[in-house]
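A.B. asks: One-letter residues, chain by chain:
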Amino acid sequence: MAGQSDDADLAARCQAGDLDAFETIYRRHSARIYSLACRMAGSVDDGEDLLQEIFLQAYRKLGSFKGDAALGTWLYRLAVNHCLDFVRSKQAKMNKLTETLDAESSFEPTARRDTPIARLDLERAIERLPDGCREAFVLHDVEGFDHRQVGEQLGIAEGTSKSQVFKARARLRAMLKGR
Amino acid sequence: MHPTEDALNEYADETLGAAARPDVERHVVSCAECRRTVDGLREVRQAAAALEPREAPIRAWMRVERAIKLEREHAVPRTRRFAWTSLAAAAVLLLAVAGGVRMLITSPRTTPAVASRQTPPAGDAAPPANAAAQSVETELRQAEDHYEKAIKGLEAITRTEQGALDPKTAATLQKNLAVIDQAIGESRAALRVQPTSEPAQQSLLENFRSKIGLLQDTVSLINEMRKGNDAGAARIVSGLKQKGD
Chain A
1 MAGQSDDADL AARCQAGDLD AFETIYRRHS ARIYSLACRM AGSVDDGEDL LQEIFLQAYR
61 KLGSFKGDAA LGTWLYRLAV NHCLDFVRSK QAKMNKLTET LDAESSFEPT ARRDTPIARL
121 DLERAIERLP DGCREAFVLH DVEGFDHRQV GEQLGIAEGT SKSQVFKARA RLRAMLKGR
Chain B
1 MHPTEDALNE YADETLGAAA RPDVERHVVS CAECRRTVDG LREVRQAAAA LEPREAPIRA
61 WMRVERAIKL EREHAVPRTR RFAWTSLAAA AVLLLAVAGG VRMLITSPRT TPAVASRQTP
121 PAGDAAPPAN AAAQSVETEL RQAEDHYEKA IKGLEAITRT EQGALDPKTA ATLQKNLAVI
181 DQAIGESRAA LRVQPTSEPA QQSLLENFRS KIGLLQDTVS LINEMRKGND AGAARIVSGL
241 KQKGD
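Chains as they are written, first to last, in this note's numbering: chain A, 1 to 179; chain B, 1 to 245.
Don't read these hints as lab results, they were simulated from the structure.
Note that the structure is predicted; figures quoted are calculated from it, not measured.
Errors might be hidden in some of the hints.
What the hints assert, rightly or not - Which chain B residues stay away from chain A? Per the calculated CB distances, all over 12 Å, these:
#1 V44
#2 E52
#3 R63
#4 A183
#5 P199
Stated by the list, open to error - With a straight-line Cα cutoff of 25 Å, these simulated SDA-like cross-link-like pairs (lysine to any residue) come out:
#6 A:K162 - B:R45
#7 A:K61 - A:G72
#8 A:K167 - B:A50
#9 A:K162 - B:T4
Backbone N, C-alpha and C define an ideal beta-carbon position, used for all residues, glycine too.
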């Protein structure tokens with residue numbers, strides 16, 4: 001695991017224009033951020049766009065990295081905020097109800113019902129969750145934030161976070177059938 | 001009476017208040033339906049917490065790197081910025097096209113729609129064998145459209161600005177473009193014979209990417225020459241020649 005002095009060194013090299021140093025940062029942290037972005041956006045296409053935007057933003061903002069936290073933590077916060085901005089702007093633009101209903105009706109898990117949930121099935125089912133409950137579910141059940149933190153990040157009440165997460169679980173169980 | 005869905009969720013999460021917990025616990029022990037619900041909720045939650053990071057596609061770093069390089073190239077003094085509007089537009093176009101073709105570059109067999117066709121529900125008739133192939137062909141056509149639009153935009157810019165290039169460099173560029181166009185033609189011919197051939201699909205897309213890369217290098221070269229950066233321009237020209245060798 002990279003230490004904080006290593007982080008500070010990498011950040012300094014990036015600011016001096018060393019793209020190899022930035023690639024090192026990317027290689028260390030891109031998987032976690034890509035996963036978060038895909039799941040929050042509900043699409044691997046949007047997730048890849050978000051990944052690019054997040055790392056571009058990180059490149060621009062590295063000057064503000066003071067080394068108080070680990071570089072991974074700093075990047076992760078940046079990523080969560082960027083994903084939340086994306087989710088908010090998407091919600092403002094779209095009403096995905098019809099799309100969601102269609103997607104759910106066409107979902108067919110590949111794993112048998114009496115076997116543990118297959119990772120791929122769960123990833124696909126998360127993508128099909130409606131906007132709103134998907135983000136709450138990802139932040140709570142996947143990323144491990146508590147309902148208070150989820151509420152703060154999404155700008156909703158703690159109780160709303162709970163109901164969104166519970167709604168997401170019910171839908172996932174229905175999609176993954178019999179669970 | 002069954003506990004509410006919220007109570008079962010909080011029970012499954014072990015966050016249910018001490019006052020309500022004993023009643024719910026007693027009910028869950030004796031009610032098979034609620035026990036199944038609680039088990040299901042726990043299983044979903046455990047599976048979610050155990051999800052592993054997904055590796056980003058290899059091309060994702062190339063997109064980031066290219067975007068950073070473009071941004072650096074266009075970080076010119078404010079007084080000159082206006083003149084580079086078309087080059088900035090090219091950068092935006094490149095990012096847009098890179099996003100537009102991802103659906104195909106990710107193997108089409110892994111897309112949910114196709115994956116679900118691979119495992120039809122028991123008792124269902126198998127789907128027609130050519131259904132997946134048609135879907136792939138449609139996606140390939142869409143990807144081609146995206147690339148062709150981007151190429152058209154970049155070609156328009158390089159055409160307008162080509163006076164900035166010396167004749168020898170312009171000839172090298174034309175030669176390289178002709179080689180790539182020939183490769184695109186060959187990939188298309190292969191796909192006409194075998195529309196579902198993954199190597200042929202990948203080869204076509206790779207050739208499109210090469211063409212976009214070359215046009216982007218041309219835009220960068222024009223940029224460097226306009227800035228009077230002879231060293232930067234020479235580096236790009238040297239790269240162009242190597243690609244054409």
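A.B. asks: Indicate, hint by hint, whether the structure satisfies it.
C.D. replies: Results of checking the hints against the structure:
Residue-level check failed: V44 of chain B sits 5 Å from the nearest beta carbon of chain A, not beyond 12 Å. With a cut of 12 Å on Cβ distances, E52 of chain B falls inside the contact zone with chain A, its closest approach being about 7 Å. The Cβ of R63 of chain B does not lie farther than 12 Å from every Cβ of chain A; its closest approach is about 5 Å, which violates its non-interface assignment. With a cut of 12 Å on Cβ distances, A183 of chain B stays outside the contact zone with chain A, its closest approach being about 26 Å.
Non-interface status of P199 of chain B relative to chain A is upheld: no Cβ of that chain comes within 12 Å, the nearest being about 23 Å off. Restraint check for K162 of chain A and R45 of chain B: satisfied, since their Cα atoms lie roughly 13 Å apart, inside the 25 Å limit. Restraint check for K61 of chain A and G72 of chain A: satisfied, since their Cα atoms lie roughly 14 Å apart, inside the 25 Å limit. Of the supplied pair hints, the one linking K167 of chain A and A50 of chain B holds, its CA atoms being roughly 20 Å apart against a limit of 25 Å.
Between K162 of chain A and T4 of chain B, the direct Cα distance comes to roughly 13 Å. Compliance with the 25 Å bound is thereby established for this hinted pair.
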